[in-house]
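Trainee: What follows is the residue order along each chain.
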Amino acid sequence: MSIAIHSGKRHSKHIHRSGADKWAKILAYTIVGLFGLMCLYPLLLTVTVSLTPEDVINKDGYRLIPSRWTLDTYTYIFAHSGARIMKSYLVTIFVTVVGTIGSMLVTCMISYAISLRELRYRNVIAFICNFTSIFSAGLIPWYVVCVNWYGLRNNILALILPSLFSVWYMFLMRTYFRAISQSLYDAAKIDGAGHMTIFFRIALPLSVTALLTVGLMYALCYWNDWWHALMFIDDRDLFPLQYYLYSIMSNVNAVSSGRVPSGAAANIRLPAETVKMAVTIITIGPIIFLYPFIQRYFVKGIMMGAVKE
Amino acid sequence: MQRTVTPLNRGFRWEMKHNRTLYLMCVPALLLLLAFAYLPMSGMYMAFTKYNVVDGIYGSPFVGFQNFTYFLKGNLYFWNAVKNTLIINFWGLIFGTIVPITIAIAMNEVKNGPFKKISQSAMFFPYFLSWVVIGAILYGFLTANFRVDRKTGELILTGANGVANRLLMAFGANPIRWYAEPKYWKAIVIFLDVWKWAGYNSIIYMAAMAGFDGSLYEAATIDGASRFQQIRYLTIPMLKPQVVILTLMSIGRIFYGDMGMIWGLVGQNGTLLDAVSVIDTYVYTSMKTMGFGFSTAIGLCQSVMGLILILLANSAAKKINDGEGLF
Numbered sequence: 206m207s208i209a210i211h212s213g214k215r216h217s218k219h220i221h222r223s224g225a226d227k228w229a230k231i232l233a234y235t236i237v238g239l240f241g242l243m244c245l246y247p248l249l250l251t252v253t254v255s256l257t258p259e260d261v262i263n264k265d266g267y268r269l270i271p272s273r274w275t276l277d278t279y280t281y282i283f284a285h286s287g288a289r290i291m292k293s294y295l296v297t298i299f300v301t302v303v304g305t306i307g308s309m310l311v312t313c314m315i316s317y318a319i320s321l322r323e324l325r326y327r328n329v330i331a332f333i334c335n336f337t338s339i340f341s342a343g344l345i346p347w348y349v350v351c352v353n354w355y356g357l358r359n360n361i362l363a364l365i366l367p368s369l370f371s372v373w374y375m376f377l378m379r380t381y382f383r384a385i386s387q388s389l390y391d392a393a394k395i396d397g398a399g400h401m402t403i404f405f406r407i408a409l410p411l412s413v414t415a416l417l418t419v420g421l422m423y424a425l426c427y428w429n430d431w432w433h434a435l436m437f438i439d440d441r442d443l444f445p446l447q448y449y450l451y452s453i454m455s456n457v458n459a460v461s462s463g464r465v466p467s468g469a470a471a472n473i474r475l476p477a478e479t480v481k482m483a484v485t486i487i488t489i490g491p492i493i494f495l496y497p498f499i500q501r502y503f504v505k506g507i508m509m510g511a512v513k514e
Numbered sequence: 546m547q548r549t550v551t552p553l554n555r556g557f558r559w560e561m562k563h564n565r566t567l568y569l570m571c572v573p574a575l576l577l578l579l580a581f582a583y584l585p586m587s588g589m590y591m592a593f594t595k596y597n598v599v600d601g602i603y604g605s606p607f608v609g610f611q612n613f614t615y616f617l618k619g620n621l622y623f624w625n626a627v628k629n630t631l632i633i634n635f636w637g638l639i640f641g642t643i644v645p646i647t648i649a650i651a652m653n654e655v656k657n658g659p660f661k662k663i664s665q666s667a668m669f670f671p672y673f674l675s676w677v678v679i680g681a682i683l684y685g686f687l688t689a690n691f692r693v694d695r696k697t698g699e700l701i702l703t704g705a706n707g708v709a710n711r712l713l714m715a716f717g718a719n720p721i722r723w724y725a726e727p728k729y730w731k732a733i734v735i736f737l738d739v740w741k742w743a744g745y746n747s748i749i750y751m752a753a754m755a756g757f758d759g760s761l762y763e764a765a766t767i768d769g770a771s772r773f774q775q776i777r778y779l780t781i782p783m784l785k786p787q788v789v790i791l792t793l794m795s796i797g798r799i800f801y802g803d804m805g806m807i808w809g810l811v812g813q814n815g816t817l818l819d820a821v822s823v824i825d826t827y828v829y830t831s832m833k834t835m836g837f838g839f840s841t842a843i844g845l846c847q848s849v850m851g852l853i854l855i856l857l858a859n860s861a862a863k864k865i866n867d868g869e870g871l872f
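Protein chains in written order, with the working numbering: chain A, 206 to 514; chain B, 546 to 872.
Hint data in this document are derived by calculation from the structure and do not stem from the laboratory.
Hints may contain errors.
[Said to hold, decoys possible] Below, a sample of chain B positions facing chain A; criterion: calculated Cβ distance under 10 Å: (1) V598; (2) F670; (3) G812; (4) V828; (5) A861.
For glycine and all other residues, C-beta sits at the position ideal for the given N, C-alpha and C.
Here chain B stands alone, though its shape is the one from the complex (with noise of 0.2 Å):
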């Protein structure tokens, strides 16, 4: 009978042995890990150096602090992308909120039908959109071909003209090159990060509602509530963990910026890039004009940072979610 008990401090190597099985199936994963995320944390040293290809990571030329001072002090580009990312950061964390609570609430009062299932299907059709083809999509409205003539100030096509500037010259307004023309990108592209998430966050919102107690909802009806007055009562105030914790998961990845979406959107054009480059773009073009040290520099402030706000983050969830964290 005593045999068949486990006793709980047998040692690693019974463990091992014991559940090797299990171990190895672990190791493939582990060992992708390792390669693709572990290892390459040994190559931050690349920060502290003078990076060469041909002495490699450990060979190069040892700088101390050299590589951070010379961004921390004084580079424009690199505060000016540090800057486009906490801003692009916090209206995306503001409008994709506000837009995904929104849809899902009106969505909760839309009846059962063909109208529910065709609009959600639209909703969530940008989440499977890559950004180069929304770029590709975005294209088709923003491109602009036209030119002033110099001496009657007439408007004159040259060519195919998108959506938005159709719009533009149906009111009356003139046309805009909004491809050479930065000051508008910065709204573009929140706009767009709001518009390719929001039906993906509004499931996530219609999941937490899908929770909700129906007694509730009943006893408030009966008491003579009104729907916006259930909304602003019930519904919402019962989303609020939810969008507190995903408020605090995006402070704490407020230094990230989506380097797929500036560049899949903007790409090669130099006009644009000041206006929306992040830390991640930023890191992306020094590499080539700056160096790898210099770079690498870059990214491990970024990750540290990074770390340190996501720490923090996670403990303020603890504080208001009875001791659950974020991870």
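Chain A with its partners taken away, still in its complex shape (with noise of 0.2 Å):
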């Protein structure tokens, strides 16, 4: 009797409220859709752009449809200065593939021993760690040491080693290995097998997809990376992709900016504005191929280091 009337009442409020909630989720609606197209139009124009013949983008501007299409960017550029993309593609393919296989050994390794009960100064390597990220030398420094001491001016490894360990995916890395149930581990010790032989055979087969996760994160770092080109490389054949993009770009920004004298900004022949837009399709080319199929990695992983162990 008593549930009789409790949906009763239940009902006749539902009726009541429905209006506002009709317009909150058309709000909901409407803020996810407009962030969506935010961030989705930039994209879109961009690869459109680099499929529209110049003489129109110079006539009609950026639009989303262009009049005409053309594949004419593409060939130019790869008849043009295709050597040095594909120079630029090898580096960075290279940096990305010896970088996070690098990474994922020192990672590893290192979150696996101080996932570990049984290793007493567990927590004073963990603060080593910590420690680098709450106070760092700053960046004339890590330079200065970088340059004159390791050597790594116009050398590939600087593209690699300053960043093979990065202390946040190996603290989100032990997460996942603490997860794992000891009781393997402990039967494994019974039949005989020390910690290397745990580690391969037992802790990483059990985390895949932790190792997906966090490699997929290293990888996109070490593709994204140009940062450490502007400061060590010099020598256009060490050029990254993303840095090849950068040194197009820093020419166009200099000549916009008004500051260069009109003579000299004469001698500087910018590319055209579909190339521009051609080259940042090419720098971004396999994340978006492969995008739809490494997001999920990226949410789980951005999950667990959000829920704190």
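Make one complex out of these two single chains by using the hints.
Mentor: Below, the structure is given as structure tokens:
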């Protein structure tokens, strides 16, 4: 009886409420839709501009749907600077592959070790790692040490070594390893397995998702890195893709500022509008193609990091 | 029986020998930290020298606090950079909190389906782009090619114009030379910073919201609370701890600018750099003009201030959060 009254009451309230709730729904869909567009539109624009003939861009300006389409820009780029772009591509791929594999080895080993309670100094080691994220030497000492002591100037290792170990991803990985049941390790130990065996045969195979997540995060960092090239690399043969794009854009930027004397500006031959957009697309190409497949791992990783252990 | 129990107070050497493999597994990572984080700290000594390349870090003449007084006393560029850093970080913090929370709450109201999936994928995409790429995409919005005829005042387009200028002209306003007008750039930088991270941060808030007790919402529905009221009186208050923690973390890093962002967007454009140069970019540019000792001194001040603020933020977090700090 009381239940019936209750549900009747709820029903009437529901009718009363539904007007406001409908507005809440509409507002929510609008916010999500608008922000989604704000993120999608720039990318689509870049893609379509790179497929627009140069004269159409100059006449109509940047627009999402051009009056004519063409692949000329891409054929032009590969005919004229194809060799340079291919070189930069190879540098980026080399750095990304070697860097990611190296990072994963270094990161997984230490995070496995300090995820174990039997390691007495695990907290000391965690503190040594953590301290670097709250206090740093600053740019200049880091730069001087890298160049003068380690000789990283114009060295491809400069694009790999400094970012080989990330404390943040280490803690992420440690959280994953901690979730593995200790009894599995104990069983392996009774069978006479050492830590190396347990690490490679039990811990790693059980954390494939985690390895993918953190590995992809490292790979993205290496792929997107232009900062270390800005610091250490002058040799054009060692330019990664991102830095190649940077060097194009910074010329453009300098001229648009109006500070370069007009005589000098005339001497700098700026790449055409469509070329800039096409190089941008070439730079992020693999990310666009892989994005649908890798996105969920990143979401997982962020959620994992958001939940404090 | 007694032999299998491990005594707690075995010495350091016993521990090293017993767990040798595990400690060896830590060595590569620790070596990297030593090489790229701890050894450079010794280079901070440069802040007290007039550094030159020939004599190196420890051979250069010692000058005491001269480098510090030089930038603290009336160096306009330095103080401008400090001001810019604080302004950009402050507004970045405000909007970087409000926007992702709004998105997360709105996302929660959207039914599962293709619309939700596609928009979430779209929102998360900027996180995957480097600042250089974002700078290049931005160019498509802001590029300006026009001149105003001296005699007639007529507007003549001389080439491609970006989306922003096309919009302005569509509404009858005059186009703007964005890359020569510093006054807009603080806003542009803050906007893009929020834009890039909004999708990422909204996932953090959605993760928090997924953990909320559903029965509270059911009870509120039964009591006749509208969705707006539920958001106002349930969701937002329950998100507060998360917001406080993230805010404290940002305050701890308020003196750190994102050099990658500024450099990727503005790069070599000297006209714009004054408006958005942050401490980190000033350290980089002054390294070339003012010498290494001088810029190291700035970096040292920044690091020490940063450390103090992070420790303060951490103790504040512990007080609010029942003894749980930020790290």
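Trainee: Check each numbered hint from earlier against the structure, then list the numbers of those it violates in ascending order.
Mentor: 5
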